[in-house]
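Undergrad: Okay, here's what each chain looks like letter by letter:
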Amino acid sequence: MSKLNKSSSELDLDRPNIEDYLPSGSLQDSHPKLRLRDLLDISPTLTEAAGAIVDDSFTRCFKSNPPEPWNWNVYLFPLWCLGVVVRYGVLFPLRAIVLTTGWIIFLSCYFPVHFLLKGHDKLRKRLERSLVELICSFFVASWTGVVRYHGPRPSMRPKQVFVANHTSMIDFIILEQMTAFAVIMQKHPGWVGLLQSTILESLGCIWFNRSESKDREIVARKLREHVNGADNNPLLIFPEGTCVNNHYTVMFKKGAFELGCTVCPIAIKYNKIFVDAFWNSRKQSFTTHLLQLMTSWAVVCDVWYLEPQNLKPGETPIEFAERVRNIISVRAGLKKVPWDGYLKYSRPSPKLRELKQQSFAESVLRHLEQK
Amino acid sequence: MGSASSVLTQYDIEEVEEHCDHLFTQQEIVSLYERFCQLDKNAKGFISADEFLSVPEFALNPLSHRLLKMVDGLNFKDFVAFLSAFSSKATLPQKIEIIFKVYDTDCDGKVTFSDLIEVLHDLTGPFMSDKQRAEVLSQLLHEAGYTRESSLLFDDFIKILDSPGLKMEVEVPVD
Numbered sequence: 006m007s008k009l010n011k012s013s014s015e016l017d018l019d020r021p022n023i024e025d026y027l028p029s030g031s032l033q034d035s036h037p038k039l040r041l042r043d044l045l046d047i048s049p050t051l052t053e054a055a056g057a058i059v060d061d062s063f064t065r066c067f068k069s070n071p072p073e074p075w076n077w078n079v080y081l082f083p084l085w086c087l088g089v090v091v092r093y094g095v096l097f098p099l100r101a102i103v104l105t106t107g108w109i110i111f112l113s114c115y116f117p118v119h120f121l122l123k124g125h126d127k128l129r130k131r132l133e134r135s136l137v138e139l140i141c142s143f144f145v146a147s148w149t150g151v152v153r154y155h156g157p158r159p160s161m162r163p164k165q166v167f168v169a170n171h172t173s174m175i176d177f178i179i180l181e182q183m184t185a186f187a188v189i190m191q192k193h194p195g196w197v198g199l200l201q202s203t204i205l206e207s208l209g210c211i212w213f214n215r216s217e218s219k220d221r222e223i224v225a226r227k228l229r230e231h232v233n234g235a236d237n238n239p240l241l242i243f244p245e246g247t248c249v250n251n252h253y254t255v256m257f258k259k260g261a262f263e264l265g266c267t268v269c270p271i272a273i274k275y276n277k278i279f280v281d282a283f284w285n286s287r288k289q290s291f292t293t294h295l296l297q298l299m300t301s302w303a304v305v306c307d308v309w310y311l312e313p314q315n316l317k318p319g320e321t322p323i324e325f326a327e328r329v330r331n332i333i334s335v336r337a338g339l340k341k342v343p344w345d346g347y348l349k350y351s352r353p354s355p356k357l358r359e360l361k362q363q364s365f366a367e368s369v370l371r372h373l374e375q376k
Numbered sequence: 006m007g008s009a010s011s012v013l014t015q016y017d018i019e020e021v022e023e024h025c026d027h028l029f030t031q032q033e034i035v036s037l038y039e040r041f042c043q044l045d046k047n048a049k050g051f052i053s054a055d056e057f058l059s060v061p062e063f064a065l066n067p068l069s070h071r072l073l074k075m076v077d078g079l080n081f082k083d084f085v086a087f088l089s090a091f092s093s094k095a096t097l098p099q100k101i102e103i104i105f106k107v108y109d110t111d112c113d114g115k116v117t118f119s120d121l122i123e124v125l126h127d128l129t130g131p132f133m134s135d136k137q138r139a140e141v142l143s144q145l146l147h148e149a150g151y152t153r154e155s156s157l158l159f160d161d162f163i164k165i166l167d168s169p170g171l172k173m174e175v176e177v178p179v180d
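Which chain is which? The protein sequence lines are A and B, in order. Mapping to my numbering: the first sequence position 5 is 10, numbers consecutive. Mapping to my numbering: the second sequence position 35 is 40, numbers consecutive.
Just to be clear, a hint being listed does not mean it is correct.
[To be verified] 27 Å max Cα-Cα, derived BS3-like pairs, lysine-lysine: (1) 341/A with 82/B; (2) 172/B with 68/A; (3) 74/B with 356/A; (4) 82/B with 68/A.
To be clear, the hints were calculated from the coordinates, so they are not data collected in a lab.
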């Protein structure tokens, strides 16, 4: 637990070795004798730096590739225009009506159940769960969501946690329509925040605040309490900590993997055929993102519920997290990158630079000893 | 190529190609422009130091602040010209020139003993003492026929780094 005292912007020292992923700048071993040339030749380090300027794996994780335009000739363009008219003029109003109907039904059932059944907790919770699953189904219908679920449905047992890769907040809605999970989320402003504090609160959702360093301990404690409670909704965690563009996975935070319980991986892969479901929170608000989904033809995705995993003897939580990340990435066809998602908001820890310096210094000293 | 090449005209591409002495192909220049626009988040026409440092792979490089001084605030044409030394078509003297510029922080054409120590310090950090660095450098300079007091010029760098040549190339991803 002592590791959680660090601020969230610092990377832990016992991360999986980034040296395995990145080239290291040490001297050639073919010339045992150290020459002036070997020290003067900084070309490997410069090449790495220039390579990072030209292309780097971190920025690629958050790049949304615009689809190739296909409407570029005489007969395709009118077809495309017709499509736009249908999507905005016919589908969108229909979907808005469906969504509004869903909300009316949900709210008119939810509040009576919540307040009138205060004494009958078991029944109330069961009804609330079904209602949340219902409103999520309405949401998914409002984007014409075509979701294929593979694998056994999550069960309600204590001492288990679900983890999934993260592409957009709609991940939560898509999973929620099948099973009423309690999720751990960043507290958002606006209407989303309102929903969070009222309805999601009753599901047992846990909030965190990225910018608070003390927050990690409090959240870790809440997670443990939730997981140990028998009657709580199954807990869903997105260990990447941020939305990634569904082609890559960034490093998983170890918080979900050191709770001492079974981890059930879920892999989600969106098909970009009609719309790209990646939510670039820097570029769009959630409302704009939802509107974009509601004015496209369909949202197509696959959800795989994978085999539950346990911490192997002798495995650290970080190794466990990497193993589960590998399982999810392989299933969903995503590439792994060795970066922490929070590097979107902060600089890398100086320890990473020191690893490189250490490797170079040791290689110089080693060559020196061979004289 | 999406929106990038609609902003960059054929004339622009040819001008940039001219400016970098044809060390990049036109396709590579278009890719570099996409990358430039990606890093230049609010379309100012140049990339700020902060935006360079938001690339973690660059920020953790020990020599990043030295390169940053050379590349900070450049417009696209000069950005490409800077990166042209890393093209596979660049000549050895062009590559050595960049290395020399990284060492020669005060741009007076001479690399002194203290310049060499500073770069070695960047590369080794706290894992070698100042004494060790001074000793290694003095020793190697002696063996190569120089002294602590000598200032290395560009021609000295060419002599030292010439054999067996230098590999300093970056591949520009072309869609």
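Undergrad: Does each hint hold? Answer for all of them.
TA: Right, here's what the structure says about each hint:
1. 341/A with 82/B: With a Cα-Cα distance of about 34 Å, the restraint between residue 341/A and residue 82/B is violated, given a limit of 27 Å.
2. 172/B with 68/A: Not OK: residue 172/B and residue 68/A at ~30 Å, beyond 27 Å, violated.
3. 74/B with 356/A: holds (23 Å)
4. 82/B with 68/A: holds (24 Å)
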